[in-house]
Every structure is written in structure tokens, then in C-alpha cells.
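J.: Using the sequences plus the hints, can you model the full thing?
Heads up: the protein sequence lines correspond to chains A and B, in order.
For the first sequence, this note's numbering begins at 1 and goes up steadily by one.
For the second sequence, this note's numbering begins at 1001 and goes up steadily by one.
Some hints could be false.
Computed footprint of chain B on chain A, listed as stretches where at least three residues anywhere in the stretch have a Cβ under 8 Å from a Cβ of chain B [unchecked claim]:
#1 4–16
#2 71–84
#3 119–127
#4 191–202
#5 208–222
Keep in mind that the hints were calculated from the coordinates and are not lab data.
Just so you know, even glycine gets a beta-carbon here, dropped at the ideal spot from N, CA and C.
One-letter residues, chain by chain:
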Amino acid sequence: MQLFLEQLVNGWALGSLYGLFGIGFGLVFSTLGILNAAHGTYASWAAILGYFSVTQFGAPFPVAIAVGVLGGGIVAVAVDQIAFQPLRAVKAGMLGALITSIAFSIILDSLAGFATEHQSLAFPAGTYPRQMVDLGVIKVPQMQIITILALLVCASGIYFLIQKTRIGAAMRAVGWNETAAALGGVNSRMVILLTALLAGATSGLAGVLGGISTSNVSYALGEGLMLKGFAAVVVGGYDDIRGTAIAGICLGIIEVFVAQYISTSFRDGFTYIFLLAFLVARPRGLLGSVNFTRA
Amino acid sequence: MTQFTTLTVQLRKLCLTAAATGVLLATGTAGAQTLAPGEYSIGFITEITGPLAAAGVSYWRGAQQAAEEINAEGWLGKGATLTLIAKESGSDAARAVQALTQFAADRNVVATTCCIISPVAGALRPVAVSSKIPLVLYGATRPGLPQLPFVSSVVVLPGPSEVKMMEQLVKAIKPKTVTFFVNADNDAFQDRFKAAQKTTEAAGVKTSGVVSILSNDTDFTAPATQAMATNPDLISVFTTQTPAVGIISALRARGYKGPINTSDVISPPAVFKKAGEAVVGVPFPIQFSADVSSTKEAKAFVASYEKKNKDSPDTYSAQGYTAIYYIAQALRSMNGKPTREALADALAKIKSVDRNVYGGLPMIDGQADVQNSMLVTWSANGKIVPWENK
Chain A
1 MQLFLEQLVN GWALGSLYGL FGIGFGLVFS TLGILNAAHG TYASWAAILG YFSVTQFGAP
61 FPVAIAVGVL GGGIVAVAVD QIAFQPLRAV KAGMLGALIT SIAFSIILDS LAGFATEHQS
121 LAFPAGTYPR QMVDLGVIKV PQMQIITILA LLVCASGIYF LIQKTRIGAA MRAVGWNETA
181 AALGGVNSRM VILLTALLAG ATSGLAGVLG GISTSNVSYA LGEGLMLKGF AAVVVGGYDD
241 IRGTAIAGIC LGIIEVFVAQ YISTSFRDGF TYIFLLAFLV ARPRGLLGSV NFTRA
Chain B
1001 MTQFTTLTVQ LRKLCLTAAA TGVLLATGTA GAQTLAPGEY SIGFITEITG PLAAAGVSYW
1061 RGAQQAAEEI NAEGWLGKGA TLTLIAKESG SDAARAVQAL TQFAADRNVV ATTCCIISPV
1121 AGALRPVAVS SKIPLVLYGA TRPGLPQLPF VSSVVVLPGP SEVKMMEQLV KAIKPKTVTF
1181 FVNADNDAFQ DRFKAAQKTT EAAGVKTSGV VSILSNDTDF TAPATQAMAT NPDLISVFTT
1241 QTPAVGIISA LRARGYKGPI NTSDVISPPA VFKKAGEAVV GVPFPIQFSA DVSSTKEAKA
1301 FVASYEKKNK DSPDTYSAQG YTAIYYIAQA LRSMNGKPTR EALADALAKI KSVDRNVYGG
1361 LPMIDGQADV QNSMLVTWSA NGKIVPWENK
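T.: Structural data, given as C-alpha cells:
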């Protein structure tokens, strides 16, 4: 029972990273209409910037997180304005944006490789919370609790922002039809920038938290999150933050339980069977809108 | 008497003639044993980008160090120098094959050297054989890769030293149970794990669990939980570098205080820089270490490497260094302008690599073989030191 509970928490924490990453990925797709292959690099860069803020400038843990989050957001805005804005101006469509995002993914990965000298780095011990918290039946690492809480706070906050505020209404309007939103008085350029910033920041949070808790800060960090984050968005529903968060957690738990009770070799296979099953049985995902389409 | 004198004179003449002929022949032979002056190019397939870039840089630096020494000392003979031509593969088999094909097309390239990982080496082997170009493997650890005369390996296979390590640990720690970590997607590590498991089980140590991970995994909290739940007396990690470091860090982070051992994948200084105290006291076998190796050649290599690179050489630098000396030794033994086929034959005939940092490097059927491995560990101040059971 103790092992079951420990692995449940392990899966929940891992899935929270997938969920956090998936939220940003889904935001960009539902609002900006971009299937962004470069999204994983935001997480890598956030972790790298957070790492250097600690090792070069002695930043404390909360500052390192803030640097990572802000860094991820800034990289996302820069990519959007350099890569996607010109395409948007000529209405190049989703395929053009996808190809451009692949190119930017390669460029940003290579630059991240140079920044880390192609090494896998780790936050030095003592620069982040690393005690075990005694919950009676089981002990849980502090970083897992922080990661789980981070998803809960971010998912709730962004859901509230999108569903209950004027900015959120503007984001949904731009996601439905940018031209119509502009005619309705929405500053679509600002909405696009805000969406890119928010998406980059949440992926950045996933990157820096993942980099700390897995002791792996490298240019390849985002790659691992990319496929699982994408799966979380598909399973959860493209246009609902809550679905992505729940699906991310489920994916993490399935992954850990398959490795524990069946076999590591089948782990990724089960994840994609889960994904495929949703695509066939419920294409709109857990909580996605029935009539969600990109305008 | 006159006849006797004449006979003596004739004998003397005969002896003198024979001696002179011998001297001439010997001189002639010695002259023919000289490599023709010129520049000899070696195609080096680098892996300084991609997933194994950190190790790839070490191999490349070690090889450059060897080439510079050989040229500075005139080791190949008067007027003969060595040049390394690099082509990058990024540990990708298709790119490595492309690089080898290009080297084969360049007639200035007399030999090639490649590969950290065994699948890439396996992909190159038939290409080297069909192109009739010597290929020296500098990093791939799967047994059976050499195919003489064209493919040989200076990589000391880790299996025997790991078996020796397990025997030493069983004797020192006296565990009743052991749990293993192994790469589910890496045949070479599967074989190494099986050999280690066979050793422990033969010594009466029960296997309490086998936890499989995948090479691209980064989160090892769940596998660490799984292993700790088996409550072992010893945890043995037989995985590639990134998972090994991640597993050991996760085990320590979750509060596992028992003994852990692993392979030489944690020997590079970058690993200590990354993992720090998590790897302190974790025993692993090694053939070369800048801190521990004490032969004259090893010390000279360490000193010149540190001077040039402002960093200590690791086991990978030593392998890159050895690969170039192995090729140079074959070139040095040849006369005139060697063909690739003749160079391959010369490489196949080498019984031991003369210049090495291991204190002796026999070559058996084109495969390096070192028995004198050391059991070492990282100390708290970041030095590799002999392991002691504390």
C-alpha cells in the first residue's frame, strides 16, 4: 500500500509537469492557431536561465523560478514576433507556422546546446527545497509538493483569467476569429503578445521545476515534455485548461504505474494507446468544446 | 703452408664479404622500414554535438593531443606527419555512415576512427570492410565489433572489470540481496547487467529486484521508489550516463543511505560537477583516471592535456588518445607509402599498443584487452580515489 501511494504521488507530480507544459501548448493552439514545435525549447531555456541565475548570480530558489518563468515568456514572445508575426501578416496558414516552428526549434535547441556545452547540468544541492515531508503513511519530496501545487494554482488562475475576465474574453475572441475580434474593438496584437507570454511562462515553469526535480537541465529537457504535453492537450481538450491539467496528471500516473506494475518497455506504448483511444472515442478530449474549430 | 695461408686469406675475404653484405642488407632493411615523408590523414568521425557531446569532446581532445605529440616528436619518422580530419556525426548512424563514405572517397585518408555507441559502430563496420578502409573504434563497448583486418577497437571492454568489481563488493560489503537498474533499450548494458548478476548470484547473493529504465528517461523518482521498496543491501546501476547519474541522485534524494555501485559512466569530472555529493562513495571500475593512474605515460598525458585544455582528461580522452597512437604505431612499422590494405594488415598484426596510459595495452584479435582495472570512487572534494569499504 505504501509503495502504491508513493508511486501515485510520483505519477501525480510527473503528470503535473506534463499538465503545466500542456497548458501553454494548448493556449497557443487554441488562441493563436499554431501547432508550435518550438514550444519545448521554451521549457529548456527557462531551466537553463534559472540554472545560471543560481550558479552565476547566487539567486535564491524563488528568484530562480521567477527568472525561468519570465525567461520562458520572453523567449516565447520573441519567437512569436520574429517567426509567426510575419506569417500572420500574410495569412500563411497553419502549415507555414508549423514548418517555421520546427526551424526555430532546431535553432533554439542548438543555441541551448552551446549554452550548456552539451552537458546535462543540475541545480546545486542546497539551492532548492530537498527535504522529505512526512505525511504519515508516506514521505514526499518537497519539490513534488511544489510541482503539484504549481499546476493547481496555474490551471485555476489561467482558467479564471480566460473564462471570467475581459482579457480572457478577448483571448477567446481572437482564438475564434482575429479579424472579427479586431472589428469588435479587441487589440488583437496585444492579445497575441499576452498569450505568447503566458504560454511561454507556464512552459517555463514546467521546465524550471522539471529541471530541478529531475536533476537534468539540458537542451533536450523540452523534448521529453513536448510529446507528453501534446498528449495532455489532445486528451484534455484543446480549448479547456482544466482538461489539459487532468489529462496531464492521468498520463503521469499511468506512466509510473505501467512501469511499476507491468513493464518499462510498455510505458510509452500505454501512453499513446491512451492518446489514440481518446482520438477515436472522444476526439474533443475530456472537457473540450463539441464545436471547437480554429477559424 | 702457402696453401694454408691462401685458404686463410680466402676465408677472411669470405667473412669480410659476408659481414659487409650483412651490414649492407641490414642497412638496406632499416632504410626500407621508414615511412615515406608526407602528411598522413586520419578521418575522425566526431560526436561533439548531440546527446553524447560531452563525452565526444573528450574523445576528440584526446585524439588531438596524440596527433600533436606524434608530430612534435617526429614519432612517425623523418618528414612524416599526422593530420586529423574531423566530420561530425552527432551520434547518428546515418550521418556517421555518410562521413565514412566521404573519407573512403578521399584517397588522402589512410584510416578512420569512430563511434561512442555500439549501434553506430555496428552500422559502420560493413561500410569500412566493403570500402577497404581501416576503421578503429574508440568508444563503442559491445563485444565482437572488430572484424580484422579492417575493423579493430582500442576500447577496453567494461565487462571483465565490472565482474571483478562485483566480486570485490560481494567480498567487502557481504550483501544478502542486490537490486539492479538496467537500460531496457540497450543490449550492451543488458549483457553487462547479466554478467554482474551471474557473478553475485554465483556468490550466493539473491537478486531482490531488477528495475528497467529507458535511455531517454529523465525523471527517476518512480524507479528509485521501486528499487527502495525491494529493501536491498546493495543497488547496482548498469545504465548509460545520464540515467545513472539521475538514478543515484534520486535514490539519495529519497533518503536511500545504503551502498550503490555503478560502471565507469560516472567517471568524467562533469558528472561530479553535476551530481556532487550524490556520487561520493559510489564505487566504479576504471582503467584510467587523471587522479589515480600513476604510470609515466599517464602522468605525461595528464600534464600536457591539462596544460592545453585547462581541464583534466577523463577515460574518454584516454581512449581517443590511444586510438591515434594505435594507428600511428601501425604507420610507423611500414615502409614507403602505405596503402589502406597494407595499413589494415599492419594494424591487425599489432599485439600491444606501445604508447598507452593504462600501463600496458594488449590487443587480442583486434580488440584491446586490459585486466588491471582499479576500483575507485569520487571523494567529497571531487577527486577520484581508490574505493574503501567504510
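J.: Checking against the hints above, which ones are violated?
T.: 2 and 4
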